[in-house]
Amino acid sequence: MAYKIIGIILLVVVAAFLQGVNFYIFGVKPNWVLAVFLALAFVADFWFYLVMEFSALIVLRFQPAFSWELGALAVIIFLVFIAARQLPWKESINFLFLTFASPTLFYLLVNPKFLYFQIGIFLIELFYNLLLGLTVFFILKNYAPKSRFRF
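Here the sequence shown is numbered in this note's numbering, starting from 116 and rising by one per residue.
Calculated from the structure, these hints are not laboratory results.
Cβ pair distances, simulated, as ranges:
1. Val128 with Pro179: 19 to 25 Å
2. Lys228 with Ser182: 16 to 22 Å
3. Gly142 with Pro227: 17 to 23 Å
We put the CB at the ideal spot given by N, CA and C, even for glycine.
I would like the entire structure built from these sequences, with the hints used as guidance.
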């Protein structure tokens, strides 16, 4: 089990690093951290998820100043964890719903004009988030089908 936890920690750190260094795919930057945490919300217990969230946020913004965007991302990642357990549908439907709802909520909080004036870029980012999130989701579901990642 320890190697599984190390693998998840590396996945979260790499996602935060890729997001922090502005890694673009064909001119669009997917939200790597949000996509990974969408998948992780379905296989991790509360404390493991919370520690991973704080670790990712530290990697994303290693400075003493507070950032409104980082605070909004932290709240949304936490809400994703709660919603993943409360939504009434199957896990795959919940995952798809959260994949579309969480980036939309993020941009509504941080920059609502982006949704109106850059809808094409937003839709491409949603597509990238969906692909990345589904990949991680199915790997994690097959990686630990009957157990949750815990400390």
